[in-house]
Amino acid sequence: MKTLHIKFVAAALLVLLTGVKSYSQITKVKIMATGLTCSMCSNAINKQLKSFTEVDSIGTDLNTNTFTVYFKKDNSLQPKVLKNAVEKAGFFVGSMVLTAKFHTPTIEDNTTLKVDDVTYNFIDIKTPVAHAETRYRVLDKGFVTQKEYKKLVKSYSKYPGYATENENDYYLKTL
Amino acid sequence: MKYLSIVFLLLVSFKIDAQELFVVTEPASNVPAGSIGVRVGQSLMKNQLESGSMYNLTPEVTWGINKNIMVRTSAFLSNQENGLGLKGGGFYAKYRFFSVDDLQSHFRMAAFGRYSYNNSFINQEAIDLMGGNSGYEAGLVATQLIHKVAISSSASYVRALNNSDYSFPDFLGNSAVNYTFSVGKLMYPKNYTSFKQTNINAMLEFTGQTITENGKSYLDVVPSIQFIINSQARIDLAYKKELYSSMQRATSDGVFLKLEYTFFNVTK
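Residue numbers (the numbering used here), protein chains in the order written: chain V, 129 to 303; chain P, 665 to 932.
Note that these hints are calculated values from the structure, not bench results. The C-beta atom is built at its ideal place from N, Cα and C for all residues, glycine as well. Some clues are possibly wrong.
Unchecked claim - Covered by chain P, per the in silico footprint, the following chain V stretches (three or more residues, Cβ under 8 Å):
1. 165–171
2. 213–220
3. 272–278
To be verified - Here are the simulated EDC-like cross-link-like pairs (lysine to aspartate or glutamate), alpha carbons at most 16 Å apart as the crow flies:
4. V:K211 to V:E295
5. V:K269 to P:D766
6. P:K860 to V:E295
7. P:K854 to V:D189
8. V:K278 to P:D766
Using the sequences and the hints given, assemble the complete structure.
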């Protein structure tokens, strides 16, 4: 009985340690969709977002077409999965803001963080972020309007990776 | 009565932007990927050639294959000869190839094609692939949405083939250009509070045709009102009126009642 208990603790510790190695916890994502003004269109997006098991609930502002996706505990989805869901409904993402905590001492301008097969690049960071939950805007193509993306490519020319399109590579800035 | 109950059983739809959920024309936007829309269209048209009127029943199923491609199959029933009977069917596909979306606005373009099969007796010069003629159609549609108003226009080439039991008459032109212009506006609500709110859209659509061989044309106007219930079901009421025609048509003026219901995320 006692050895079982120790085994359990050891297993739990192992899980905890490997889990801690490199993690990001996205608690919610605020998405503003573009190209629509009707509630039926919003509903199409709503139904797409609701179809994921990781999603706990969705808050909707129909007047601004803003969807706040709340994830279940220790569950989240990659930004591109949410973007694809909006596009499947027939629309596009105009803005996506992640509320997340990244396991790294500080996040400064040009910090790169690899979490599983995803790379987060932090750009345009004016004040370094300590280990805290912060709101980050996704700046990649498809996460901002086409117009805005063109502008961003120009203004972020000093970050050479920004204009390259790699769907597992995200560029984030703090809000 | 039997058909009426079928219609009510199948009730109601959904599609993309409500303002562009036109009643007799199609916007450049598609239905959501993975959704299945079931629509039952009914029309009662005044018969131009003899007394009385013609009743048409058009059940349709629309499927969003992916975000850019949707397909639709339709069945055409009418009481043209001895009671209500199946006159034909059609297949329609639309590919959205261009989108520029911004906050509460978009401009989209799509290419579409239609193939219809029909076994009705051909009694008019107008080519009607929605229940009168066998044939095919290919065209382009562009739609602009600005806040609560959608404007859409399409042009297509139409070619009539022989109907199964009746050859297309030699003395009639068998190819035509179809053109449409549609405007839709969200009238209610002014501000959204929930998905349960009924939306009301007002629309005005123009549909025209010119037979390429002889230049004969018609132009119809179709005002309509649309109710969207629970952000999932749709009721369209429309009235079609001929504005101009230089060709012989079996029917032109009449009323439409279309009911549609959309099942979201049916396929992945």
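Hint numbers contradicted by this structure: 6
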